[in-house]
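Peer 1: One-letter residues, chain by chain:
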Amino acid sequence: MDKFGFTILKARHINYDANDKSVAEYICEHEPTFRVCIECGCCTATCTTGNFTSLSLREINILIKRGELARVNENLKKCMLCGKCTLVCPRGVNTRNVITLAREALKNKFKDAV
Amino acid sequence: MQFDPFVIPFNVGLYFILIYAVVRSVIWFRGLSRPDKLRLQRGFFGRSFGQSIREIFMESLIHRRIFKASPRLGYMHMSLAFGWFLLILFGTLEADIFGEKHLNPPYKAIFFKFFNPDHGRSGLEAVWAFLMDFLLAFILSGLLLAVIKRVWSRVVGMKKTTKLKALDKVAMLSLWSVFPSRLLAESFTSGAYGTGSFLTGSLGSWLSSFLPAHEMAYPFWWLYSLSLGAFFILLPVTRYMHIPSELFLIFARNSGIRTGDRAGAFTEMQIYSCSSCGICIDVCQLNFSTGITNIQSAYLLKGIRNDKDVSDIAFNCLMCGRCDQNCPVGIELTPIRMIQRRAGEPQLKAKSLLKRYFPDNPVVQPLKNGTEPAFAFLKPQEPEKTDVLYFAGCMTHLTPSIKNAMISILEASGVKYTFIDKDGGVCCGRPLMLAGQTKEARELINFNSELIWKSGAHTLVTSCPICYKIFKESYYLDVEVLHHTQFIKDLIDEGILKLNFSRKKVTYHTPCDLGRGSGVYDEPKEVLRHVVRLQKTDADDENAPCCGGSLGNMKINHHQRHKIAVDAVRMLTVKDPDILATSCPLCKKTLAAATGTRVADIAEIVAEAIVPADPVKRFTDPLHRMKQPVI
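Protein chains in written order, with my numbering: chain R, 1 to 114; chain F, 1 to 631.
Okay, chain R solo, but in the shape it has when bound (with noise of 0.2 Å):
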């Protein structure tokens, strides 16, 4: 009765103790402004690539705070790092900075990495 009759779909399950959050303390300890952003969305909104194909930076922040890389680095390599997003950002994060630090992060855990 731990659940109280609910359940929650498998793909929804968000595991904190198994995810691997050590790329988002890498960028956090390399670019601070990381922290600081507050998921609006402005740098989706404006990005070059993402007027060509499914990439969304805040999507991506949102999957390195909670450690699912697979889909990260899955998406991560299409960013053209033409900076628009850094411009728009309300909250001053260095995303291309940002973006950097991920792949070299990356680069150690996936083959495939840029």
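None of these hints come from the bench; they were simulated from the model.
Careful, some of the hints might be misleading.
[Claimed, not checked] Okay, the calculated beta carbon distance ranges per label pair:
(1) F:N543 x R:A70: 47 to 53 Å
(2) F:Q41 x R:A45: 57 to 63 Å
(3) F:G596 x R:A70: 47 to 53 Å
(4) F:K422 x R:I14: 36 to 42 Å
(5) R:P90 x F:K536: 35 to 41 Å
(6) F:P383 x R:I14: 41 to 47 Å
(7) R:A70 x F:K422: 32 to 38 Å
(8) R:G92 x F:L89: 58 to 64 Å
[Said to hold, decoys possible] A few chain R residues that face chain F, going by a derived Cβ cut-off under 7 Å, partial list only:
(9) T33
(10) F52
(11) K77
(12) M80
(13) C82
(14) K84
(15) R96
(16) T100
Computed from a predicted model, the values in this text were never measured in an experiment.
Think of the CB as a built atom: it goes at the ideal place given N, C-alpha and C, for glycine as much as any other residue.
Add chain F to chain R, keeping to what the hints say.
Peer 2: Chain F only, in chain R's frame:
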């Protein structure tokens, strides 16, 4: 007297450094690519030889460019380099003319006074002794400045001086002790024999009045020889390697060799030619606006020389090119930094003593092949055929006023154009290049190139200097690439665009990638002179500051960027202009956030000044008159 054991350290050092210089030159020559080898051969036995000799005299000895930056710093470098050169030259002549025989070994010239203590009593000998004393005093005055500079750099007009590693300090101390020990050695010898001119003679007679001059002289001759020997032995592993490297560099550069985008022997030559003079530190905006003082080019080159991990230094740079512009040795600092960025992971090598004297070429990791393309989602597009392509660029889409101004200019000019990235195009690739990801950048370049080819245009106009630079440099296009300021200037010159003149005062800010990066200085200013009153400032052309928004820097945060922008605005608005004009959307956005003055792109100013197309005609046209509403 022909020989004394104290000359041995000097001789060992001298012959070591001569042989080393030859060996290193051969290694460098072999490291050059085949076309570069041919260039150097042609340059060495060709017309540029005279040019090189002249440059060696003006830059390596007189240090003309350092004089321009700061006269006192220039005097310091000149007295040490040119003074020492003259001392050796006249010393050799002295030994040849007044010595026992002609063609003496080098040590006879350097220690001439020791072997000929009676020299310089009268006649031409005394005049010559005066000259030698004068040269020694000249060097010592520069040395005094150098010593003071270490503790108080403002004395030579520098805000910061370079921090040195331990071995550099040892070499520096041995260099510093060369000239005082020569002074004392000559003075004691002169004092003992009653010779010498105004400096050594006077000091010698005073010292010999209370000291046993004859016995005191010998240890100082040893010290003189030892410090020379130690300096020569340490030279290849310290920053003083710039002395021989610069000679080779000047010949190579005058033969037409350039850095390009790959590391190689020429890059290594440049890295070793840096004397760590610190001029790049003083002009760097990260230094004087944000207080970051450990990433400047002098430290980058020092880090590479010493096999340090320089990836943080390489990426923490605005890539504005101000240090390139001011480097007295003319080292291509920004291309070297790009190569370092491209190198990716640093390769730390073992530092055996042999490796320090004969380092490997800087290693560049080869591009990763065989990986999947990163931008496979980009589908080929079919653009319509046109004459002029307008590529606004990502940044221009964030400043729609520039985009709209350009559209109205293009409409007014009546050319057949296509706005190729109207609904958002693909990035030009330069941001990826600046981040060191050449392979991914190439994918974007290929995509855009294909698009431009298919359109059949003869002219490509872009509003963004960042795009302009990479279109010019890394695209292989059969179209004329123009920045919109150049395009507008062409329209004005051909009389297509009719503009009103307004009496507004305008200061023009040259964007880094357009000015120092691509050499476009005059066209924007000529366009502005057509429509407004253009003011001159100290921050014109090559001296323009970076706005701080640069995509080149990956590391600094927006507070630091804002500080740079505020300082840049202060430099640009000293004459209180009505409009601060620029020609870069990124500069516009960054500067506008830091000032109350209106910041506008040249395209906007021009679009406002366009004379409306014949309003009178409308009233005479019967069709139009019919459409006029009846009041």
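Peer 1: Now look at each hint and say whether the structure bears it out.
Peer 2: Consistency of the hints with the structure:
{"no.": "1", "hint": "F:N543 x R:A70: 47 to 53 Å", "result": "holds, 50 Å"}
{"no.": "2", "hint": "F:Q41 x R:A45: 57 to 63 Å", "result": "holds, 58 Å"}
{"no.": "3", "hint": "F:G596 x R:A70: 47 to 53 Å", "result": "holds, 49 Å"}
{"no.": "4", "hint": "F:K422 x R:I14: 36 to 42 Å", "result": "holds, 41 Å"}
{"no.": "5", "hint": "R:P90 x F:K536: 35 to 41 Å", "result": "holds, 38 Å"}
{"no.": "6", "hint": "F:P383 x R:I14: 41 to 47 Å", "result": "holds, 45 Å"}
{"no.": "7", "hint": "R:A70 x F:K422: 32 to 38 Å", "result": "holds, 36 Å"}
{"no.": "8", "hint": "R:G92 x F:L89: 58 to 64 Å", "result": "holds, 60 Å"}
{"no.": "9", "hint": "T33", "result": "holds, 6 Å"}
{"no.": "10", "hint": "F52", "result": "holds, 6 Å"}
{"no.": "11", "hint": "K77", "result": "holds, 4 Å"}
{"no.": "12", "hint": "M80", "result": "holds, 4 Å"}
{"no.": "13", "hint": "C82", "result": "holds, 4 Å"}
{"no.": "14", "hint": "K84", "result": "holds, 5 Å"}
{"no.": "15", "hint": "R96", "result": "holds, 6 Å"}
{"no.": "16", "hint": "T100", "result": "holds, 6 Å"}
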